[in-house]
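Residue numbers (this note's numbering), protein chains in the order written: chain A, 3 to 265; chain B, 3 to 265.
Wrong hints could be hidden among the right ones.
One copy or two, it doesn't matter: identical chains are merged, so the pair holds either way.
To be verified - DSSO-like, lysine-lysine: derived pairs with alpha carbons at most 27 Å apart:
1. Lys166 x Lys192
2. Lys249 x Lys166
3. Lys64 x Lys208
4. Lys258 x Lys154
5. Lys208 x Lys93
6. Lys258 x Lys234
7. Lys70 x Lys162
8. Lys234 x Lys249
9. Lys95 x Lys192
10. Lys166 x Lys258
11. Lys249 x Lys192
12. Lys166 x Lys63
13. Lys166 x Lys64
14. Lys64 x Lys258
15. Lys34 x Lys63
16. Lys93 x Lys67
17. Lys258 x Lys180
18. Lys67 x Lys95
19. Lys180 x Lys34
Hints are computed from structural coordinates only; laboratory data are not their basis.
Protein chains: 2
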Amino acid sequence: MKKTSRIPNILVSNDDGIDAPGIYAVVNELKKFGNVTVVAPDEQRSAVGHAITMNYPLRVKKFYKNNKFFGYAVEGTPADSVKIAVRTVLKEKPDILISGINHGSNTAINIIYSGTVSAATEGTILGIPSIAVSLTTYDKPDFSFAAMFSHKLAEMVLQKGLPKDTLLNVNVPPLKEKDIRGVRITRQGKSRWDDTFEMRRDPNNKEYYWLTGKLEVLDISEETDLISIFNKYVSITPIHFDLTNYKAISELKSWKLEKYFKK
Amino acid sequence: MKKTSRIPNILVSNDDGIDAPGIYAVVNELKKFGNVTVVAPDEQRSAVGHAITMNYPLRVKKFYKNNKFFGYAVEGTPADSVKIAVRTVLKEKPDILISGINHGSNTAINIIYSGTVSAATEGTILGIPSIAVSLTTYDKPDFSFAAMFSHKLAEMVLQKGLPKDTLLNVNVPPLKEKDIRGVRITRQGKSRWDDTFEMRRDPNNKEYYWLTGKLEVLDISEETDLISIFNKYVSITPIHFDLTNYKAISELKSWKLEKYFKK
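The shape of chain A in the complex, shown without the other chains (with noise of 0.2 Å):
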């Protein structure tokens, strides 16, 4: 449990890029409450997962919007701009991060890809309450609903704290707040993409591949993140990033692998 009396720091990012209408309508609104600070790509870097740069030199530029500062602008992957925001941007550790407010959603077997979640996950290992938060559409966005439910929910994060190593991983439906049926605890969905590669040629001839797909769902429970959305309901997912599968553990044991690769 953490009380903050003071105004907050707030660290926003995102993988939609600086220029998105998500990340925008989301600082708008936390600004109410908190000094904010954006480190974000310079563009867009969806499906990168927990990329990071180590191989190139990274970046950093401010960046204006209506020729007012905005934030800095970072040549590389989310989980870059959180590293650089905490490591050379800030003064001090942010108290909260918000990743967002992405347009189209971050469900089931998506989280894996989200670059979205990866700035969040990022802000976990750094020591930050963190929240990552996607608007399930991708038609025209009005991110207004989810911006307001990104401040109410950061505002209690800061109260409240976070379980250990854990971040919320936040889907608000396209709807006006009035038919949004309210908000529930989920786990992660099970869903694949059922991938088709769309073979095409360039104009000398040389083939080259377009990744399409469609998601299948595998797993409709109303606990999970991607039904939860269905119904109308905002979703709000606590995840980790301890992959063991320790069920896995005893059956593995019992395959004796010692005894069999002994000498």
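We have chain A already, so just place chain B on it with the hints.
Frame of chain A; chain B shown alone:
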């Protein structure tokens, strides 16, 4: 339980790139018992996390080593390589996937940045028993024991199958077989990078940053991947991609967010 009497079809990928010595070593070993197809990134894609390419077209080229066809080089990430292998290069789903052998460890927090693990994760998502193998040294590597171990473990997995939605993350110490003390089934360790960004100036006097840093080990239990390696054991960690922190669900439910956000 699954028995394979015919010659198994083996898909091999990595993140060090198709021309790396680690993939060459494991392919030579796996060819002793299986039909091997190599589909791997055309160049090094380390620390790419679980990135996939959606906004650019992918190209696949045949790659020759010592004037002999070796495999397919993909202008993309490890996850891209596995997806395109299964969806377009191969006529049928392979019996097993081996990712590696990576030059450098993939333990503790580094698992979430790892392209080697990402290739095996993508294989698992696609329903293929998958193993990521890393040799835990940054010095000049000798892949011979790790390659032999991969061969034996692959045969075992083909015989026994793997727990559902679970891959094996294998780390092999850079030692001769006689100096390795055995095999341990482990959990993912805890560690944190103490990142530093080294600021430099380019010839135009503009700032840029290089990411460096040192790893802090936060858990020295013998049950972890990191400490098993340190103690000269091969480490095998079963990992999955359900990131839900189930223990945190009840705590978050006690926040009564439903009530807090009630209209």
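Structure-based check of all given hints:
{"no.": "1", "hint": "Lys166 x Lys192", "result": "both (24 Å within a copy, 13 Å between copies)"}
{"no.": "2", "hint": "Lys249 x Lys166", "result": "both (21 Å within a copy, 10 Å between copies)"}
{"no.": "3", "hint": "Lys64 x Lys208", "result": "between (40 Å within a copy, 13 Å between copies)"}
{"no.": "4", "hint": "Lys258 x Lys154", "result": "between (52 Å within a copy, 13 Å between copies)"}
{"no.": "5", "hint": "Lys208 x Lys93", "result": "between (51 Å within a copy, 21 Å between copies)"}
{"no.": "6", "hint": "Lys258 x Lys234", "result": "between (48 Å within a copy, 18 Å between copies)"}
{"no.": "7", "hint": "Lys70 x Lys162", "result": "neither (34 Å within a copy, 62 Å between copies)"}
{"no.": "8", "hint": "Lys234 x Lys249", "result": "between (33 Å within a copy, 25 Å between copies)"}
{"no.": "9", "hint": "Lys95 x Lys192", "result": "between (35 Å within a copy, 21 Å between copies)"}
{"no.": "10", "hint": "Lys166 x Lys258", "result": "between (34 Å within a copy, 19 Å between copies)"}
{"no.": "11", "hint": "Lys249 x Lys192", "result": "both (18 Å within a copy, 19 Å between copies)"}
{"no.": "12", "hint": "Lys166 x Lys63", "result": "neither (33 Å within a copy, 46 Å between copies)"}
{"no.": "13", "hint": "Lys166 x Lys64", "result": "neither (33 Å within a copy, 47 Å between copies)"}
{"no.": "14", "hint": "Lys64 x Lys258", "result": "neither (57 Å within a copy, 40 Å between copies)"}
{"no.": "15", "hint": "Lys34 x Lys63", "result": "within (25 Å within a copy, 53 Å between copies)"}
{"no.": "16", "hint": "Lys93 x Lys67", "result": "within (23 Å within a copy, 51 Å between copies)"}
{"no.": "17", "hint": "Lys258 x Lys180", "result": "between (58 Å within a copy, 19 Å between copies)"}
{"no.": "18", "hint": "Lys67 x Lys95", "result": "within (25 Å within a copy, 49 Å between copies)"}
{"no.": "19", "hint": "Lys180 x Lys34", "result": "within (23 Å within a copy, 64 Å between copies)"}
Comparing the model with each numbered hint stated earlier shows that hints 7, 12, 13, 14 do not hold.
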